[in-house]
Amino acid sequence: MKEFLAMGGYAAYVWTAYGLTAAVIGLNAWLAQRRYRQALRQIGQGEATRHPHGQPTVRKLS
Amino acid sequence: MGIARWFHQLASPPYLFRLAGRLAPWLGISALALLAVGTYGGLVLAPPDYLQGEGFRIIYVHVPSAYIGLMAYVVMAAAAACGFIWRIKLAHAVAASAAPVGASFTFLALVTGAVWGKPMWGTYWQWADARLVSELVLFFLYLGYILLRSSFDDRDKGDRVSAVLAVVGVVNVPIIHFSVEWWSTLHQGPTIARLDAPSITLDMLAPLLIMIAAYTLCFAWLVIRRLQAEILERERGTRWVERLAMEGPA
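Residue numbers (our numbering), protein chains in the order written: chain A, 1 to 62; chain B, 1001 to 1250.
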């Protein structure tokens, strides 16, 4: 295990590269999912309060 | 059943939104699974390189990032061109969704390349290397596209102007690809995409191909999630979005 972590002396470089990769891919996933959730939330609340043409909107009771 | 009909359906926002919603979980799960397998293969199963020792294992995160950075740009520019020529708003939505993902993977390619370059070449960065500089230009093209688009209040205008930048920037793509052959300084030549056999053994190559597949699935998942958000924002107030708001996403 110790030998594996040492990466033949390249530990600092190898683990930095893999760590940065995990961070950027994780951040990407989080941001994409957050954006999707926000868009869903906005359509859920937006229509009842400010409907552009004033048509009555039926809202589901939950 | 015609292909043309299917293309027509693809241009329909509710159809594309639902299709994306159905694909997303499968893409996400298979991306995660392949990322796990590829990482294990790259870090544990692949033999150390005879020259670079264990340090070469950075290849398994560097090459797929660089590939996605380039592929995403082609997707973005092609979508932007379709949107510009045929005035398809959904195509602009695809371009806008691919941009931040492509930018982040290009960033990853640059930084993982730098930390690989330090022990192997003795430097993080070299301005005289065409591959490095053209890759940096790619990153700035993405940033320029994102900033330009966000500087317009009018979404349609932003779509059209930023599409021009995306398409013009395509000239950089072949430059990046051939830079290692035209001006070879530090960056090594192609390993896999060669006319003769790849200059890498199978036990080193397999994890790399798995990682490339994993990154591609990951890219598809990220773009689809962003595209769904883009579609909802652009289609706000239409009847199908209102119905969706009441019923929730299926």
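Fair warning: there could be bad hints in the mix.
Stated by the list, open to error - Short derived list, chain A residues pointing at chain B, Cβ under 8 Å:
(1) 5
(2) 7
(3) 10
(4) 14
(5) 16
(6) 17
(7) 18
(8) 20
(9) 26
(10) 28
(11) 29
(12) 32
(13) 33
(14) 35
(15) 39
(16) 44
To be verified - From the structure, some residues in chain A lie toward chain B, with a derived Cβ separation under 10 Å:
(17) 8
(18) 9
(19) 12
(20) 13
(21) 40
Hints are computed from structural coordinates only; laboratory data are not their basis.
Beta carbons are placed, not taken as given, at the ideal position from N, Cα and C, and that holds for glycine.
Hint check results:
1. Of the supplied interface hints, the one on residue 5 (chain A) is violated, with its beta-carbon coming no nearer than about 10 Å to a beta-carbon of chain B, more than 8 Å.
2. Hint status for residue 7 (chain A): holds, given a least beta-carbon distance of 4 Å to chain B, under 8 Å.
3. Interface restraint check: residue 10 (chain A) against chain B, minimum CB-CB distance 4 Å, threshold 8 Å, status holds.
4. This hint holds: residue 14 (chain A) has a C-beta 5 Å from the nearest C-beta of chain B, less than the 8 Å allowed.
5. At about 5 Å, the closest approach between the beta carbon of residue 16 (chain A) and any beta carbon in chain B falls short of 8 Å, and the interface hint on this residue holds.
6. Against a cut-off of 8 Å between C-beta atoms, the interface hint on residue 17 (chain A) holds, since the closest Cβ of chain B lies about 4 Å away.
7. Proximity of residue 18 (chain A) to chain B holds as hinted, the smallest CB-CB distance being about 6 Å (cut-off 8 Å).
8. A cut of 8 Å between beta carbons decides the hint on residue 20 (chain A): the least distance to chain B is about 6 Å, and the hint holds.
9. Interface hint status for residue 26 (chain A): violated, as the beta-carbon distance to the closest one in chain B is roughly 11 Å, over 8 Å.
10. For residue 28 (chain A), the suggested interface contact is upheld, since its CB lies about 6 Å from the closest CB of chain B, less than 8 Å.
11. Annotation: interface hint on residue 29 (chain A) holds; nearest CB of chain B at approximately 7 Å, less than 8 Å.
12. The beta carbon of residue 32 (chain A) is positioned within 8 Å of a beta carbon in chain B (closest approach about 4 Å), and the interface hint is therefore held.
13. Hint status for residue 33 (chain A) relative to chain B: holds, with the closest Cβ pair at about 6 Å, below 8 Å.
14. Interface restraint check: residue 35 (chain A) against chain B, minimum CB-CB distance 4 Å, threshold 8 Å, status holds.
15. Nearest Cβ of chain B to the Cβ of residue 39 (chain A): about 4 Å, under the 8 Å cut. The hint holds.
16. Hint status for residue 44 (chain A): holds, given a least beta-carbon distance of 5 Å to chain B, under 8 Å.
17. At a threshold of 10 Å, the smallest CB-CB gap from residue 8 (chain A) to chain B is about 4 Å, leaving the interface hint in force.
18. Hint status for residue 9 (chain A): holds, given a least beta-carbon distance of 7 Å to chain B, under 10 Å.
19. Nearest Cβ of chain B to the Cβ of residue 12 (chain A): about 8 Å, under the 10 Å cut. The hint holds.
20. A least Cβ separation of about 5 Å between residue 13 (chain A) and chain B falls short of the 10 Å threshold, and the interface hint therefore holds.
21. Because the beta carbon of residue 40 (chain A) sits about 7 Å from the nearest beta carbon in chain B, less than 10 Å, this interface hint is met.
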